[in-house]
Each structure stands twice: as C-alpha cells, then as structure tokens.
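Chemist: Let chain A serve as the given structure and place chain B on it in line with the hints.
Here the protein sequences come in this chain order: A and B.
All residue numbers for the first sequence refer to the numbering used here, where the first residue is 1 and numbers rise by one.
All residue numbers for the second sequence refer to the numbering used here, where the first residue is 246 and numbers rise by one.
These aren't lab readings, by the way, just hints derived from the structure by calculation.
Warning: the hint list may mix true and false statements.
What the hints assert, rightly or not - The following residues of chain B were derived to be distant from chain A, with all beta-carbon distances above 10 angstroms:
(1) GLU309
(2) GLU501
(3) THR613
What the hints assert, rightly or not - Stretches of chain A that chain B covers, calculated by requiring three or more beta carbons in the stretch to come under 8 angstroms of a beta carbon on chain B:
(4) 73–80
(5) 91–102
For glycine and all other residues, C-beta sits at the position ideal for the given N, C-alpha and C.
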Amino acid sequence: MGSLIRLENVSKHYGKFMALQRVNLEVAEGEVVSVIGPSGSGKSTLIRCINLLEQYDDSGKITVNGTVVRKGADLKNVRANVGMVFQNFNLFPHMTILENVKLAPMRVDEISTEVATKRALTLLDNVGISDQADKYPGQLSGGQQQRVAIARALAMEPKILLFDEPTSALDPEMVGEVLNVIRKLADEGVTMIVVTHEMAFARQVSDRVIFMDAGQIVESGTPTDIFDATREPRTLAFLKNVLEH
Amino acid sequence: MYFQKLILKFVLILMSLATYLAPISAASRDENVLIVGANIGNVPWEFQDTAGELIGFEIDLVNEVAKRLNREIEIINIPFNGLFSAVQSSRIDIAISSITITEQRLTSVSFAQPYYDSDQSLTIRSDSNITSVNDLQDEVVAVDTGSTGDIWASENQQQYGFKEIRRYEGIAPAALDLQIGRVAGYISDIPAMQYYTKDKPELKVVERIRTGGSYSMMFRKDDELALSVNEIITTLKQEGLVNELHNKWFGVLAEESTSTAKVTAMPGVKAGLLLNFMDTFLNKAVFVETLPMLLLGLTTTLKLGLASIVIGLFFGLLLALNRLYAPAIARVIAKVYIDVFRSIPLLVLLIVIFYALPFVGISLSPFTAAATALIIVSSAYTAEIFRSGIEAIPKGQFEASQALGLSFAHMMKDVILPQATRIVIPPLTNNSINVIKDTALASVVAMPDLLKQATQAQAIAANPTPLIAAAGIYLLVLLPMVLAVSHLEKKYSKRNQ
Chain A
1 MGSLIRLENV SKHYGKFMAL QRVNLEVAEG EVVSVIGPSG SGKSTLIRCI
51 NLLEQYDDSG KITVNGTVVR KGADLKNVRA NVGMVFQNFN LFPHMTILEN
101 VKLAPMRVDE ISTEVATKRA LTLLDNVGIS DQADKYPGQL SGGQQQRVAI
151 ARALAMEPKI LLFDEPTSAL DPEMVGEVLN VIRKLADEGV TMIVVTHEMA
201 FARQVSDRVI FMDAGQIVES GTPTDIFDAT REPRTLAFLK NVLEH
Chain B
246 MYFQKLILKF VLILMSLATY LAPISAASRD ENVLIVGANI GNVPWEFQDT
296 AGELIGFEID LVNEVAKRLN REIEIINIPF NGLFSAVQSS RIDIAISSIT
346 ITEQRLTSVS FAQPYYDSDQ SLTIRSDSNI TSVNDLQDEV VAVDTGSTGD
396 IWASENQQQY GFKEIRRYEG IAPAALDLQI GRVAGYISDI PAMQYYTKDK
446 PELKVVERIR TGGSYSMMFR KDDELALSVN EIITTLKQEG LVNELHNKWF
496 GVLAEESTST AKVTAMPGVK AGLLLNFMDT FLNKAVFVET LPMLLLGLTT
546 TLKLGLASIV IGLFFGLLLA LNRLYAPAIA RVIAKVYIDV FRSIPLLVLL
596 IVIFYALPFV GISLSPFTAA ATALIIVSSA YTAEIFRSGI EAIPKGQFEA
646 SQALGLSFAH MMKDVILPQA TRIVIPPLTN NSINVIKDTA LASVVAMPDL
696 LKQATQAQAI AANPTPLIAA AGIYLLVLLP MVLAVSHLEK KYSKRNQ
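Chain A with its partners taken away, still in its complex shape (with noise of 0.2 angstroms):
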C-alpha cells in the first residue's frame, strides 16, 4: 500500500513559538493512527496542516493523494478527500440534521439534492440518527451532534477522516456511542487519524500509535509498542499521568 498522507519536515510557527518542529509521517490507505500527548503538544496543530486549516511554513511539504497542500486551486481536491470532525461538532445551528449533511455534496459536488438526501439518510442511519433527521442541531444532544458531524464528513465521501478530541467535550455517559461509530468506520477500512484522550479506545482500535511532545513525534509504534513496551521516559511520564486519572 501506498502513503495517502505524506508529512515531510512540517514545522509550524506562532510568533517565536514552534507547534511543530519538523515532523516527518507517513499514513497509508486504510491506517487507522492515534495521536497522543499532553495539551499543547501539537497533536491538533497536526491533523490541522493537512487539510490547510492551518498553515504550516515553507520548509515543509504535505501530500495527500499525491496533492500537495498549499493555498491555490488544487486545496479543493484536498478537502475533498480529508473529511474532518471537530472537538465542538461545529453542526451549522441554522439548518436541521439533513440540512446538515447533504449541504457540502450539493454546493461542492453539485449532486442533485433527491441523491444527496438519500445519501445523507443512509449515512444518518448508519451513525444511528435518521429518526432526528428533520430536527435542528440544538435540539440533540452532544453525542447524537457528534455522530451527525461524522455522517456530515461522510458525505464527501473522503478518503481519509480526521478526528480532532472527538470525544473531549461530551459528557462520560456519550462517549461511548461515539467512539462505535468511529470503531465501526476503522472496521470498514476508512484511513483516519484521531486526535484523542482515551488511551483504551487508542489501543483497541489504533494499528499504530503517535506520541508526541513539545510539537515534536517523540515515538511511533504498534499500540503494544507504546502503551506496554515504551522506554521513552516522556511517554512513560505522560501515560502513568493518563492512565492514575
């Protein structure tokens, strides 16, 4: 298999402060990766170079698809084939859960809309939510948004899903019916990367695990590698952190 997502030497500044210090990583179709690391380690700064919501320096080159991801014509082919879900949801409030779905195939792929409101249905029944199809962001609950931000993603029919602290903002009792639907994806073969805090979901779903530090990927390995094995004193320090709480 061939790399999907290719990082090379990918530094990111804010003013004097560097999010990311020459990363270098590769994600081939059908990887499901797992970031971890403390707050403020980059692993969001990331996942956000590669579909350019943020940008990264000069030095660096990213690829998706054999794209390279920079501003100008070719970053609609990018984001076209990155799909992301956000910490927030980030559901447009104003439009209800169908509304929701089957806006970007419509305006971007210009899909006509009996074809994207069938899409959006199957997918919305897929994530579980088609029952709520007609109803309007605020009236769900965290967990029902977060599983419409990820029918939304689907849509595009991306062939890679970026998943920023999915489950960060619900409460407990929701997380688990979020991390299924994404398991569920892994299962399908869908190539993702998933910023995320729930090292057990990290272990059970990841074929390899990111630790990162200070913007830097201090390690990568198999989820044995890291959560049973690792020498690493940082990763060590961050895990026995994570894993007392």
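Modeler: Below, chain B without anything else, positioned relative to chain A:
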C-alpha cells in the same frame, strides 16, 4: 434603551416647536428691551454689511420705532418661516422681513399699517431665453418656503405648467441653484431681487408679477404694541422719514399714492383664532387643510428612506466583506471609507454633494443628492453592523465549512450570513429608523419631504399644527419599527441565555 431614544427624538421635535413654548422664559426678560426677529440676509431690508453691522430699510425703520418708544432694541436672526411662531409665543415683540400682510395671516397675527407696496418678480440667469413666467412651462421654479412667492406659485402652478416648485430657506441657496441651472427661474419679492442682482450680472430680474401685497411689521395677535407702533409709523410717514428711507435704499422717492408715503389704516383685525392651546397646536381646520400636503411629504420621505435603506444594505454588505476578506489594499480602502463617512455629519455631506459638486460638473437632483448622501453614510454604518455580525459567528463554523470544501461564496451564503443576519436584524432595523429620521435633513436641499411640507404649511397658515401633525406621522411610521427592534432584541437575548 429604545424608549429612551424615542423620548429623545420627541424632545428634539418639541425643540423645533420650542418657539411656541417660550413665553415661560419670556416672562423673565428685560421689559425695556424690544426684541425684534428678522431673517438676516433679506436684502435690502435686513442684512449685514462687510463689518458685520446690521443694516437695511427695515432695520433703520425699526430702530427709529424703538427710539420713539423709548426702548432699547435687540435684533435676533430667525428664518422667515420661524417668525410666525416667534411672535405668537412672544419670544420676539416684532417680526420684520418684508412680511406680506395676508387675510390668512391676520387670523393668527397682527400687523401695523403697511409701509411698502410690493409685487413678486421672476429672476433668471442672464444667459437664458426666458422673459416671463409664460416661458416656464415644464421648468423647475424656486421660491422661499411659505412666502408670498410660494403661495403665488402654488396657486398658479397648473396655469403656467411649472414642472416643479422647489422651496428654499432664503435668497442665497435659491440663487445658487439658479446659477447652477437646477432651477430655471426664481420667484421672490421684487425689491429684494432687484437689490440682490444689482452687483450680480449673471442674474437678471425679467418680470414683475403683479400679486399686490404690502409689507409691514408683524406682532402677536391683538398685541397692544401693534397699536403704538402703528401710531409711530403714522408720525414717521407724516414727517417724511419712511420715504427718506426709500430714497436711501432704492435711490428714488416712492410715489405719493403708495403706502410708503401715505398714511393708511391699520389692517383690520380678523375674527380669528383665539390663541388657546387647542386652537394653536391642534387646530382641526388647519390640520384638515394641510393633511394632503403632509401625506405627499410622507410619500417622499418613505421613497427616499426606503431607497436609501435598500441600496445602503447592499453596499454595506459589500463593504463589510471587503473590510474583512479582501486583499490588503481593498481592505484598507474599505476601512478608510467606513471610518470617514461615520465621522462626517450627514448634513455637511449633503450640502457638499448638492451645492459643491455642480462646480465640478456633477449636478444632482434633490432626490438623487439626498439619496446619495444617505446611502454613503448608511452603508458605512451598515458595513460595521455586518462586520460585527460576521465576527460574532464562532470560528468553528468557518472551519467546518472549509474542511467540507465549501467555496468562500458558498460558505458566506449558506453558513455564515444566514447566522449573521439573525444577529444583525435588530441593529439594522435601528439603522433604518435613523435613515428615515435623517431624511428630514433633505429639506435643506429643497426636497419636499415630510418636514419641509410641514414647515411650508405652518408658514402659510401661520399656525404650528402642521408641525405637530408631522411629528405624529413620524411617530406612526417609526414607533412600530422601534417596538419591533425591542421585541427582536429581547427574543434574541433570551435565545442566547
């Protein structure tokens, strides 16, 4: 907050009526000082010389009258159509300004015996082919709001086929528009225009319009002062002093048969209005008579207001988007535009557009000029409202749209603006209320809006009822909008809790 604004607005309207409320303060003033109101600039009757001294036929006459009354004198400048309310409220004792004695005016004010027999006149640009009012068919003519010329032109508009009558507040702006070419002729008092055009070769008085009518000093109705002044004028005529003034200001003596030379009776007191509150402020007959004029003014106000609001919204949104998202240069230009036009008083901008632009070859009609000024200013305010509305939308909404691959246009149209609109509706409605209120400023460029119509009606009827009625009409139009804003704001703040 909006109720406070509403109250403030009505305080402002009342202030324009304040001349009627002045007797309260008049009681405390020095009884020995005779207060005279005059429309300064009305040559050769009352105007300023180069040293700033007040001079003129009527200034000389009223000074002599004060001397014979053994009283000090103070002369204050009041626009012509404000003189009527000023005497009625006793804010001034005497009004001078070549005021024509009319039957209608005698029902609400008193006059001394006349001292000048006048006619109206037609003034044109020297290079035009017009020789009489008969040549003014389908032309725009200028008059002074509420003056004898206004009354004559309004009565004869159909007969001569004037396309439009534009009403100005004094000789200077009307003469300026005549020079610019926005009006073809100016109908005004003949002595004033003969004197005014003396040193202005570009303007020419071509016709005497025989309206008759004589000038005199005006007083509060049944004021005893009118009787004393009338007797003094009799003496001054007998002494030949009035005719000497005629000689001084017009270069010739008046004929013996004219009221300048001959003692005449004091104009008969008409069985008129008793000056109680209801008859002065809420006179039913005056109201019924002037309502059609006011409604015509209302349609002008609404047309101007709506056109300015709609076009201002469109440009405001464009400006806001430029201000936020355009390349650096366009962004700076938008910011400068917004800041500059929120700082310039609308009235100043309006006068510049109407009276200054013609000198660089851009001559706009009153409506276009007023609409342009309102749109320029309104779009600057609207832009800031839209900008704050767009900036209030959470960043996540932009990011989610971008991550989905929506184009900028689709992001704005489908996601951001529909949400921003809900936020900006109350402040936009507020801005619309301001635009409609600001249309009243258009009366300075001879726009027949509601305020202008009311001013004209109150000068012709010599009664403030049309102003009260206009305030009521503004209230009827704007109060529902004000209440709607309060309602929307309450609803919106509830939803956000």
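Chemist: All the hints need checking, so say for each whether the structure fits it.
Modeler: To see whether the hints hold, each was checked on the structure:
1. GLU309: Holds: least Cβ distance 77 angstroms, greater than 10 angstroms.
2. GLU501: holds, 86 angstroms
3. THR613: THR613(B) is indeed farther than 10 angstroms from all Cβ atoms of chain A, at 38 angstroms.
4. 73–80: holds (count 3)
5. 91–102: The restraint on the segment 91–102 of chain A holds, since 4 of its residues have a Cβ under 8 angstroms from chain B and three suffice.
When the structure is compared with the earlier hints, no violation turns up for any of them.
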